[in-house]
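Here are the chains, one letter per residue:
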Amino acid sequence: MSLSQIIWALIKILVMIGFVVNTAAILTWLDRRQGAMMQDRVGPNRAVIKIFGREFRLIGLLHPLADGLKFFTKEFYRPPRADKLLFSLAPILAMAPVMALVAVIPFGDTLCLRDVFRTAGDGGWVWPVVPRYGTCSAGGGVDPVELMVAPLNVGLLFVFALAGQGIVGAAIAGWSSDNKYSLMGALRAASQMVSYEVAMGLTLIGTMMIYGTIRLDDMVRWQGDHAWGIFVQPVAFVLFFTAAIAETKRIPFDLPEAESELVSGYFTEYSGMTFGMFYFAEYMEVVTSSMLLVTIFLGGWELPFLHRDGLTIQFGDGVLLHQVIPHLWMEIIAVVTFFGKVAAVCWFQCVVRWTLPRFRYDQLQKLGWRVLLPLALANVLVTGVADLAIDRAGPSLWNALDVVAEVTQALIAVSVTYVVVKLTIGFFTKRTRRPLIVGSAAKMAQKTGGTPITPMQA
Amino acid sequence: MGTAFPKKAVSAAKVVVVEHVPHTPTIQSYLPAIAEGLAVSMKHFFKNTKEMIRGERPDPILEGYEDGISTVMYPEQKRPYPERFRGVHRLTQRDDGSPRCVACLCCSTACPAQCIFIESGEYPEGDKRRGYERYPVKFVIDELRCIFCGYCVEACPCDAIRMDTGAHAAPYDSREQFIYDKPLLLSLPARDGSLKTINPRHEPGDASYPGLTREHGH
Numbered sequence: 030m031s032l033s034q035i036i037w038a039l040i041k042i043l044v045m046i047g048f049v050v051n052t053a054a055i056l057t058w059l060d061r062r063q064g065a066m067m068q069d070r071v072g073p074n075r076a077v078i079k080i081f082g083r084e085f086r087l088i089g090l091l092h093p094l095a096d097g098l099k100f101f102t103k104e105f106y107r108p109p110r111a112d113k114l115l116f117s118l119a120p121i122l123a124m125a126p127v128m129a130l131v132a133v134i135p136f137g138d139t140l141c142l143r144d145v146f147r148t149a150g151d152g153g154w155v156w157p158v159v160p161r162y163g164t165c166s167a168g169g170g171v172d173p174v175e176l177m178v179a180p181l182n183v184g185l186l187f188v189f190a191l192a193g194q195g196i197v198g199a200a201i202a203g204w205s206s207d208n209k210y211s212l213m214g215a216l217r218a219a220s221q222m223v224s225y226e227v228a229m230g231l232t233l234i235g236t237m238m239i240y241g242t243i244r245l246d247d248m249v250r251w252q253g254d255h256a257w258g259i260f261v262q263p264v265a266f267v268l269f270f271t272a273a274i275a276e277t278k279r280i281p282f283d284l285p286e287a288e289s290e291l292v293s294g295y296f297t298e299y300s301g302m303t304f305g306m307f308y309f310a311e312y313m314e315v316v317t318s319s320m321l322l323v324t325i326f327l328g329g330w331e332l333p334f335l336h337r338d339g340l341t342i343q344f345g346d347g348v349l350l351h352q353v354i355p356h357l358w359m360e361i362i363a364v365v366t367f368f369g370k371v372a373a374v375c376w377f378q379c380v381v382r383w384t385l386p387r388f389r390y391d392q393l394q395k396l397g398w399r400v401l402l403p404l405a406l407a408n409v410l411v412t413g414v415a416d417l418a419i420d421r422a423g424p425s426l427w428n429a430l431d432v433v434a435e436v437t438q439a440l441i442a443v444s445v446t447y448v449v450v451k452l453t454i455g456f457f458t459k460r461t462r463r464p465l466i467v468g469s470a471a472k473m474a475q476k477t478g479g480t481p482i483t484p485m486q487a
Numbered sequence: 778m779g780t781a782f783p784k785k786a787v788s789a790a791k792v793v794v795v796e797h798v799p800h801t802p803t804i805q806s807y808l809p810a811i812a813e814g815l816a817v818s819m820k821h822f823f824k825n826t827k828e829m830i831r832g833e834r835p836d837p838i839l840e841g842y843e844d845g846i847s848t849v850m851y852p853e854q855k856r857p858y859p860e861r862f863r864g865v866h867r868l869t870q871r872d873d874g875s876p877r878c879v880a881c882l883c884c885s886t887a888c889p890a891q892c893i894f895i896e897s898g899e900y901p902e903g904d905k906r907r908g909y910e911r912y913p914v915k916f917v918i919d920e921l922r923c924i925f926c927g928y929c930v931e932a933c934p935c936d937a938i939r940m941d942t943g944a945h946a947a948p949y950d951s952r953e954q955f956i957y958d959k960p961l962l963l964s965l966p967a968r969d970g971s972l973k974t975i976n977p978r979h980e981p982g983d984a985s986y987p988g989l990t991r992e993h994g995h
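Chains as they are written, first to last, in the numbering used here: chain A, 30 to 487; chain B, 778 to 995.
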């Protein structure tokens, strides 16, 4: 491994871990604030920092900071009869696999270092364009950089292996705590995650068959060339999303934690930063599962019609628009797209968490074994048959499917544009309200010209 | 048999037939219902976020029945109490700043919670009020014991104790802090900021003084 490779690896680790950790920190605030917004409440907005006598509240973004400080300064208490080694080990085991999991997730197309810019003959700079399917220009002792921490050939298997490790932390935490609630939580966590691990693995078999690879970056490239996974494997998408939420152990699948039944489940006995690690691992799991979902089903870094060489709007053989865009811009767009999609899916997971009611434990297992598993198996069967049939069919069907794929890309572009336009219009539309003066308090408020506005409202 | 339920036969007109929900795969999979719920909560999210960013939240008191966040941000915003709200007591002052209270013990007698303690004292020899009235050496109200019934205000013949501060007792840390003494009670303003009351005080010697004075020969 050359020095430049090591430096690039460090940069990639920094980007990935930095994104996961920071997003998880923001999610601890966003989850509460967004839940408040969805339930017509205000939510956490009071944490304040004073700089030069001025108070900054930043719509409550300082709450994660305050939480972190609190976690670090609180006492680490271990129950007297708890297993010392395992009790201390469990938070690490809960957090480490989640961090390691992001190693195989690609966050951008291969960066051709030689093609970022070149000096032209007259001393100016040229921004080269990389061909859509071509490789980077070689030479100069500079290798192209793959924008994933570990370009493993067994990407998806690595993900499964590490996602399975999450059980160990929860199970050990519950076992070593010397607390019956913790033990119940750990048992539930273990059985729930084993159940959903099965469904999760089986749902992805269909995608593996269609994409023909288990490298996550190749999966993204396939989706960029054809259609996003959500269109080719819609059932798998729903099943995988369900299983991924179950893996994060959040509502509606929060049985291992079950505040209303088991205090806090398997981390009841944890305090201070050890609790913080469990809490944080949960939010990091939200981020990593969103990353997986984006990579496998939502086209990773790809945007509709944007390819390596630029914008190409094309249906079948008819090219409507072709605009070359320099490689550097395409790379920046790709990375921003990936992280933006991940943020959007994290947001959506929070919407799900604040909308759906909790399952009962038997309902949870029923859903896992009687619904998700058979559906996943059926999905594998149908996908296999369809894949084989399409392979045997002639090129006319393939061309038709290509057009369909391009239509789905157009569909994404149109619907996203529609949503953005709708939201923008909604943002600038003012609502009309009618005051309703009921009671002497409202009458007095009306006399004084309404309730005074405070900056604390934001 | 005793009282069976329902006691009376239900008339056919009152029977509400609950429609049986068919067990179709769409309904049994819950997916449409889930999508509906997600849409509702997203709508609320976008609406409230927009109003938070643009500062267009409904007035929590005037438009409290409208959609949106109608939280009263308490210490900064306050829901105005009704005009006749019985708040924390105050002792009204005379023009010279002394309490109007004449230590007649009417309020502490009327108090059902026995939360008022008054130690009355005579004015010193030579004071022009001596012989007409006394004054409270100590006037203590235990605001934790008080049930805010307002009997003390009704009992007071001098309009010396009032509950028109428009404020509730502040939440303190310890019980001692809820025991309000004379200087504190005298310093609490009415809702309009005044330390006095609009009812005039008729001092002995004033032409309007209704009672007997020393000058009357009797």
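There's no promise every hint is true.
As the list claims (entries may be wrong) - Using C-beta positions, here's what the derived DEER-type ranges look like:
| id | chain 1 | residue 1 | chain 2 | residue 2 | range |
| --- | --- | --- | --- | --- | --- |
| 1 | A | G423 | B | E796 | 49 to 59 Å |
| 2 | A | E175 | B | E796 | 54 to 64 Å |
| 3 | A | P484 | B | Q954 | 48 to 58 Å |
Think of the hints as simulated: they come from the structure by calculation, not from any bench.
Here a beta-carbon is modelled for each residue, glycine too, at the ideal position from N, C-alpha and C.
The hints, checked one at a time:
1. Roughly 51 Å separates the CB atoms of G423/A and E796/B, a value that falls within the hinted 49 to 59 Å.
2. At about 59 Å, the beta-carbon gap between E175/A and E796/B stays in the expected band of 54 to 64 Å.
3. At roughly 30 Å, the beta carbons of P484/A and Q954/B sit outside the given window of 48 to 58 Å.
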